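Engineer: Just so you know, the sequences run in chain order F and H.
Heads up, the first sequence is in my numbering, so the first residue is 6 and it goes up one at a time.
Heads up, the second sequence is in my numbering, so the first residue is 144 and it goes up one at a time.
Keep in mind that the hints were calculated from the coordinates and are not lab data.
Some clues are possibly wrong.
[Claimed, not checked] Sample of chain F residues facing chain H (criterion: CB under 8 Å; computed from the structure):
#1 Ala176
#2 Phe180
#3 Val182
#4 Lys211
#5 Leu218
#6 Arg219
#7 Gly249
Here the structure is a predicted model, which means the values were calculated and not measured.
Glycine is no exception: its CB is placed at the ideal position from the N, C-alpha and C atoms.
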Amino acid sequence: MKNDLAKMNETLRKRLEKKLKLPVVTIEERKIAVLEKFAKGVEFLDASEAVALVDSGFENEMSELTLTSDIKQRITSLSNRTSYRGKVRRLNLTLYLCSCHLSGNAVLEAIRRIGSAANNLSKIQIIVDFGPGLSPWDKIVEVVQVLRGVDGPKIPKQVIVGGSFSCPSEATMDFLVQQDVILRYVLGAALGYSGNLGKQEKEFLKTTSNYGLRVPILFYWAGEDLLIVKEILEEALRLNRASGISILPAFLSPHCDPEDLDGRIKADGFDSVVSYLYSDSSLSEFLDEPLIDIEERLSDSDHVDRLCAVIDGRGQIRPFRIFPFAIQRNGDVTYDSKKSLELLSHPARVPMWSRCKRCVWKSVCGGIDTFSGVHGRYHKGLFDIWCQYRQTYLRQILRECLIIREHLGNQRDSIENGQSNG
Amino acid sequence: MVNILEKPHKEKFNPVANRMINPNSLPIGGVQISSLDLDLTVDCNLDCDYCFKEKYKKHMPLETTRQAVVWLIMASGDAKKLTVALIGGEPMLRFKLIKELVPFAKRRVQQHGKNIHFTMTTNGTVINNEILMFWKKWGMGFHTSIDGCPEAHDYHRHFPDGKGSSDLLARNLPRILSIRPKTTARATVLADTVKYLSESFEYLLKLGYRSFAFVPSVYSLWDQPSVNELEGQFRAIMIRTIQLYRQGQYISVKYFDEGCQRLAKGGASMADGPSCGAGRGMVLVDVNGDIWPCHRWNKQSQSDWKLGSVWENGFNYRVRNMFFTAIYKKQTSPCRSCSANFLCRGGCPAQNLEDTGCIWKQHPLGCEITKRIAIVVREFHDTLLTEKNTVFMQHYYPEPDEKEIGKTYKSVKMETAL
């Protein structure tokens with residue numbers, strides 16, 4: 006009986022396909038296909054597919070994914086993929102661990118599971134992001150020991166520990182240096198971190214930087230006044246001995262609720278803050294984001310896919326956003342916007358979204374992140390905000406490139422003048 | 144020369160006026176700066192009468208040393224290997240600071256994916272076990288300033304009360320050499336001490352040294368007889384060195400070592416420019432945090448040569464470019480066809496400036512001295528190459544290919560003859 010039904014369905018499907026000249030798939034097949042697409046990291050969903058997915062409750066399924074064989078399988082699938090359009094591709098994993106509510110054992114278990122599934126990855130970046138007010142140095146040491154130890158994944162890995170810590174002991178600092186752990190001091194009142202540099206923050210930065218640790222500041226901006234931001238950055242730069250500063254809108258924090266629409270709207274003025282800070286050449290040198298972000302991507306070859314995931318406070322794993330920007334290393338940015346766009350062109354995929362096809366930034370943006378499924382995950386109304394933000398961000402990147410080019414140009418001019426005079 | 148050190152953005156609104164490092168003090172263009180001399184102090188416990196330093200009691204603060212290291216990290220761009228030479232005065236007078244600085248720099252540099260090596264030039268009189276253990280732990284290299292036998296050494300290197308420093312140094316040397324057997328004996332050779340040169344060589348050999356640098360200096364004090372004496376003394380050193388090579392011992396003697404290396408690679412090296420890299424890949428940060436082309440350039444009277452400061456905006460590209468221009472000038476000068484070309488790289492720019500007022504023009508006697516040493520070096524090379532001395536071949540021709548050696552050396556000979 007079951008076989009007969011299957012035969013009928015198959016016949017029906019063939020007829021429909023012939024009539025519509027399109028492949029017809031069931032909901033189940035579609036889900037599988039979408040999963041495969043995520044896993045392969047190739048062409049993305051079109052708008053109708055995304056909406057259909059949201060309507061079919063796929064989003065819920067995605068959010069319910071825990072550290073089970075599902076995610077393991079997908080990671081393995083991604084890492085096993087060896088060719089893409091005839092080129093050998095590698096896969097880099099960036100894994101955020103929001104461990105603010107996780108026990109140490111849960112973090113270790115998560116790393117072990119991901120690690121064992123990621124044996125074929127070429128590089129792994131693990132960002133352990135401790136929540137506000139936590140200074141679990143013992144836990145950090147334990148986590149790093151697991152990562153670096155015999156049980157950890159045997160691939161190059163970078164460990165970044167972010168948070169707002171109290172001063173570690175000398176032995177701990179020594180351990181962090183020996184293990185190449187990057188500390189990132191997080192500030193941002195909206196997320197519960199300190200919004201300013203208080204006594205504890207200053208003490209931490211002073212002690213660690215005098216010891217020789219490089220402690221970049223990560224400032225999550227949530228609408229603070231420009232003057233306050235400047236004040237904080239000025240002080241932070243002095244204290245962390247030019248270790249670098251990143252400034253990001255608060256909603257990009259892994260601690261932030263991805264569905265928080267208000268948070269995104271609040272970020273409207275972010276580009277003007279960054280724009281102002283970058284316009285000062287003396288300060289812009291210290292701003293890691295977004296240029297360091299680009300640099301990191303440039304350091305990878307064209308044939309690299311990125312996988313980004315976050316393990317949230319409940320131990321669930323969910324896709325996470327990245328910025329797949331890239332500029333050509335040897336290129337130069339000109340004032341001709343068309344050329345600039347070409348130079349900023351991203352080697353990876355251009356999304357198949359119809360709206361993206363019309364977008365002036367399509368060659369730069371890279372569309373949906375390889376694994377994040379941001380568009381597939383968020384409600385339709387969020388697409389606009391995401392695109393708007395990204396476009397603003399890209400415009401900012403271009404502006405920064407121009408500022409830097411101008412700055413370097415002036416310096417080169419003076420060199421040339423010096424040569425002729427000398 | 145007019146000081147063109149710019150201080151831009153001074154009037155401009157600056158949101159980070161009190162920042163610790165100033166990127167506008169970083170050079171852009173040219174070669175990356177990967178080597179830094181740090182004047183930890185201008186003070187010294189000795190009172191050597193040929194010292195080029197202006198002596199006054201001033202020490203570099205710890206904050207400035209840290210700042211200088213961070214500056215070097217940024218100025219070095221993509222360069223992975225950084226070198227910091229601790230000099231003075233006598234750098235060991237600042238051991239307390241060194242204990243803070245070296246670990247700080249090693250840790251910080253490691254986090255930038257680079258390596259940093261510390262070296263120092265010390266007079267070897269301020270040494271104790273703690274210092275030696277520290278050197279060993281952090282893998283520091285160093286030169287000991289020793290002019291040779293007591294007669295030569297005490298002639299110029301003495302304490303302020305006139306007492307010679309050779310006794311104290313000789314007592315400390317066994318401990319120094321036990322920690323780092325490859326320590327170089329750095330000897331300044333002057334016209335009045337040149338007669339002790341070969342004797343000094345024997346003395347240093349007996350002390351246990353295996354690396355030597357006999358550097359003729361202050362050319363204006365030399366004359367023709369003393370230059371002849373120098374050639375004779377170098378020849379005696381050559382004969383003794385060949386003897387040691389024949390006994391299967393390797394020792395490194397500056398000029399012999401450099402000359403053989405270049406001859407083995409094909410000869411002339413003028414295109415490489417001055418060997419020291421002053422002002423190009425190497426700079427000095429003095430006790431105030433000011434940046435100079437090298438450690439010979441921090442006199443108040445030479446303020447026009449200041450490159451910048453780790454605390455201030457601006458970088459003096461005009462001065463820096465003069466060092467690049469020097470290479471060009473050398474390449475187009477008679478030096479190009481000089482017989483000492485394989486050994487000479489134009490002399491010390493600072494010494495040249497003092498002697499001739501021009502960084503690329505050497506004192507005539509400086510040229511003469513280099514040519515004489517070059518003759519001896521070539522003889523040393525030819526002798527050992529002809530007899531295919533095992534130690535020599537291992538060091539300078541590691542993969543001996545008879546045809547290639549013959550061809551390369553022939554081409555050098557022909558070029559020199561032309």
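Engineer: Which of the listed hints are not met by the structure?
Structural biologist: Going through the list in order, the structure violates hints 1, 2, 4 and 7 and respects the others.
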